[in-house]
Amino acid sequence: MDFALSDEHRMLQDTLRGLLTRHQGDDLWPALAEAGVIGALLTEDEGGFDGSGSAIALTFEELGRAGASLPLVAAMIGASALAAAGQGDLAAEVAEGSARVAFADAEPGTRYDRGVAIRAEGDRLTGRKTMVAGAEDARAIIVTTADALWLVDAKASGLTLNAYPLMEGGRGADLTFEATPATRLGALSDFGAVLSRGVLGHSAYALGGIIAATELTLDYLKTRKQFGRAILEFQALAHRVADMAVEVEQARSAVTNLSGHLTADPAIRDRHVQACKATVGRVARLVAEESVQLHGGIGMTEEYALAGMIRRLLAADTAMGDADYHLERFAHGEPAWA
Amino acid sequence: MDMRFTPDEQAFAAEVRDFLQAELDPALAEKNRLHKPLTKAEMEGWHAKLNAKGWLAGNWPREFGGAGWTAIQRHIYEEESAKAHAPRIVPFGIAMLGPVLQKFGSKEQQDYWLPRILNGDDWWCQGYSEPGAGSDLAGLRCRAERQGDHYVVNGQKTWTTLGQHANMIFCLVRTSTEGKKQEGISFLLIDMETPGVSVRPIVLLDGTAEVNEVFFDDVKVPVENLVGTENEGWTYAKYLLTHERTNIAGVGFATAALDNLKRVAKAQIHRGKPLDQDPLFAAQIATTEIELMAMSTTNLRMLSAAAQGQAPGVESSMLKIKGTQIRQQLDALTRRAYGGWAQALPMETGNQGQPLDADDVLSATAGYLNNRKLSIYGGSNEIQRGIIAGTLAKG
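First to last, the protein sequences are chains A and B. Using the working numbering, read the first sequence as starting at 1 and increasing by one per residue. Using the working numbering, read the second sequence as starting at 339 and increasing by one per residue.
Nothing false has been slipped in among the hints.
Partial pick of chain A residues on the chain B-facing surface, computed with a CB cut under 7 Å: (1) R111; (2) Y112; (3) L166; (4) D174; (5) E328.
In silico lysine to any residue, SDA-like type, Cα no more than 25 Å apart, as pairs: (6) B:K374 <-> A:E303; (7) B:K519 <-> A:T223; (8) B:K369 <-> B:T546; (9) B:K600 <-> A:G115; (10) B:K604 <-> B:L694.
Derived from the structure by calculation, the hints contain no laboratory data. None of the values given here were measured: they were computed from a predicted structure. For glycine and all other residues, C-beta sits at the position ideal for the given N, C-alpha and C.
Isolated chain A (complex conformation) (with noise of 0.2 Å):
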């Protein structure tokens, strides 16, 4: 047994760590490409080269910790459905960092229901989608029905985009469509592989996040000092970050679980998918919430570098499901695309 990363794995983490320390913003996506990030999320039939549990994992995992906010789980989704689609030149693009594709699938009026607030009708959507990452910018839009996938060009008719920031950074977007023409790309199911690789990326992003906002939390018990000595003397605040520190490593091996067993048979996979998601939005929750308290005044300050992780984790629990959501699909041994 070895849980160590390939040689080439930690190339890719290296080069990953120098790229987020010299990069940000809008330098930091065609810096990413460059350096073949987004190449390594995919397998080749999408355009990359690798898209490995392991990749992925590890990649998510640095951008959380970072808290560098992308749509890069968009990406990945975008370019298998391309590529299913029979658009493999614009699959390449995305690969390459020159095209851009968002994921549709959260909607206004439901928790996670997919469906509710938007319907097909043959080739045709209509309805809501929202809080949809990186809307701006997509050259498509992969759109998730009650039981479908779905591939709408950003340009197409019927479909208009009103914008925002998003919480965890970024921008995000509504999408009405009134009768928009679509091209169905096959069930969810059909999907299950890439979409399970998603709920990876975010939960390997919010680990990222995870321990960012533990080692931050720590390092303030360490140096603040009240009544005369560092608040990190104090028990009740010493057990705390020790739980805290606990609930990183249920984490990180839910992370891993997902990651080896991304190939496994869907069955297992998929209760891969859901005990993972389920751990980590938890653990994300506990994280964000525990260190806002143990940090007192300065932790709720947007100044403060704990207030975007704190937005992020929460972000990062509710993308593809959150806890309860898979919990409850898990509890009743269902599928975790259907």
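Here the structure of chain A is known, so what remains is to put chain B in place on it, guided by the hints.
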């Protein structure tokens, strides 16, 4: 035992409801329900309506122009106004400084400042915490040096809620470094328009700017603005904190939040049905509601004991912990009821766009983030646990 309010108290509750019905602008209530920051004029306007009714200072004795309410009446007012989404009474003048001046202020200070609080002539803010003195409040370092008929103040205060609206600040300042740290603190009233006072907003993680830093650079404060005796300020500070902790249970706020959560859970769809029919989620709502039912009675038991003259002990610490846990849980459930929809925050400024038809969703997310403060401010829940444990150990 009789758990009902007395006929007089029931009549009072009806009177409060009638007043709210007649005087509370529905648009203001809606804005407040959505946790949108109220303007200074909106808060002052609400104070003026209460003052006209004689209800602005429910906690003050009649001799100072207050309503002289019992603890039960105050509870009834707070519960009814929270359920109606009426603005909170800004506490700094009414709930905090007023009682301190009434107990420790000079006759001149009482005659001058108290009517100004009621009439809204001054907007007070609280200068207690400092960057290095939070839970360890007595470790404060903001200096006041006596020079003739003035104090000269240098230092910084932080977490000054609504300080952006204030023209006056009551401050704990260090006037001596001799002896125990609690023994060199004085209570000073400072005009914020004095040269050398500056205010800087602190943006919180929900994007609002309701708290501030206040800086003092050689600020001259007349000695008549000292409350009580020099170096005795810690006594007054502690007295004020006991008043800060009234309504600490927040039963009214929790009741309003529970009603809102149930409304959201009825509207949000989960597995094709209203979310409140989902056993997992319904159980979480029910668990919190049951907690609230018990806490509400704990609150009334303690109010009733106080009304019968029993000195409050650790009860307020217990109510603070349980009350904030319940409110934070209700806020967390409300945000989570929205699921994937709850990924944006309200933007008060700029033209950056807003999601469609999502005012309630945005307020749920902002409310959840903002109310993380509940277990931090007014003595963090860890400090409260220390107080409870310390008292139990002595008993």
